[in-house]
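Participant: Sequence:
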Amino acid sequence: MRIDEQLKILGIKTDMTLADIARNLGKSPQAFSQKMHRGNFTLDDLDDIAMATKCKLECSFLLPNGERIVLKGE
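The working numbering puts the first residue of the sequence shown at 1, with every later residue one more than the last.
Wrong hints could be hidden among the right ones.
What follows is a set of in silico ranges between Cβ atoms, one per label pair, in the way DEER data are often shown [to be verified]:
1. E67 x R23: 36 to 42 Å
2. G26 x L62: 30 to 36 Å
3. K8 x D44: 18 to 24 Å
4. G66 x P29: 40 to 46 Å
5. L62 x F41: 19 to 25 Å
Simulated pairs of lysine to any residue, SDA-like, Cα-Cα distance not exceeding 25 Å [said to hold, decoys possible]:
6. K35 x L71
7. K72 x L25
8. K54 x H37
9. K56 x R23
10. K56 x F32
11. K56 x E67
12. K56 x S28
13. K13 x R38
14. K35 x K56
15. K27 x L43
16. K54 x P64
17. K35 x D45
18. K54 x R38
19. K54 x E67
20. K13 x L71
21. K56 x M16
Bear in mind the hints are in silico, worked out from the structure with no lab data behind them. No residue lacks a Cβ here, since even glycine has one placed at the ideal position from N, Cα and C.
Whenever a hint applies, use it, and build me the whole structure from the sequences.
Facilitator: Here is the structure:
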């Protein structure tokens with residue numbers, strides 16, 4: 001699933017519009033929408049979105065042997 005689709009789901013689940021999320025980030029809805037279409041979010045961007053939606057971002061690689069490499073959160 002693409003990041004823009006996931007962010008739309010996040011908005012629905014947190015009862016926020018994408019414009020609400022953008023404003024909580026201090027960005028215009030238009031600028032946030034353009035960034036969503038490009039899909040070039042960094043981990044820091046996603047962490048900011050998590051904070052703006054009062055969520056926690058967890059990101060890691062799970063190796064075949066079960067070992068986890070944590071990138072963010074957890």
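Participant: Determine for every hint whether it applies to the structure shown.
Facilitator: Now the hints, each set against the structure:
{"no.": "1", "hint": "E67 x R23: 36 to 42 Å", "in the structure": "holds (40 Å)"}
{"no.": "2", "hint": "G26 x L62: 30 to 36 Å", "in the structure": "holds (33 Å)"}
{"no.": "3", "hint": "K8 x D44: 18 to 24 Å", "in the structure": "holds (21 Å)"}
{"no.": "4", "hint": "G66 x P29: 40 to 46 Å", "in the structure": "holds (42 Å)"}
{"no.": "5", "hint": "L62 x F41: 19 to 25 Å", "in the structure": "holds (21 Å)"}
{"no.": "6", "hint": "K35 x L71", "in the structure": "holds (22 Å)"}
{"no.": "7", "hint": "K72 x L25", "in the structure": "holds (19 Å)"}
{"no.": "8", "hint": "K54 x H37", "in the structure": "holds (23 Å)"}
{"no.": "9", "hint": "K56 x R23", "in the structure": "holds (19 Å)"}
{"no.": "10", "hint": "K56 x F32", "in the structure": "holds (20 Å)"}
{"no.": "11", "hint": "K56 x E67", "in the structure": "holds (21 Å)"}
{"no.": "12", "hint": "K56 x S28", "in the structure": "holds (23 Å)"}
{"no.": "13", "hint": "K13 x R38", "in the structure": "holds (23 Å)"}
{"no.": "14", "hint": "K35 x K56", "in the structure": "holds (21 Å)"}
{"no.": "15", "hint": "K27 x L43", "in the structure": "holds (17 Å)"}
{"no.": "16", "hint": "K54 x P64", "in the structure": "violated (32 Å)"}
{"no.": "17", "hint": "K35 x D45", "in the structure": "holds (10 Å)"}
{"no.": "18", "hint": "K54 x R38", "in the structure": "holds (24 Å)"}
{"no.": "19", "hint": "K54 x E67", "in the structure": "violated (28 Å)"}
{"no.": "20", "hint": "K13 x L71", "in the structure": "holds (24 Å)"}
{"no.": "21", "hint": "K56 x M16", "in the structure": "holds (16 Å)"}
Hints 16 and 19, counting from the list given before, are not met by this structure.
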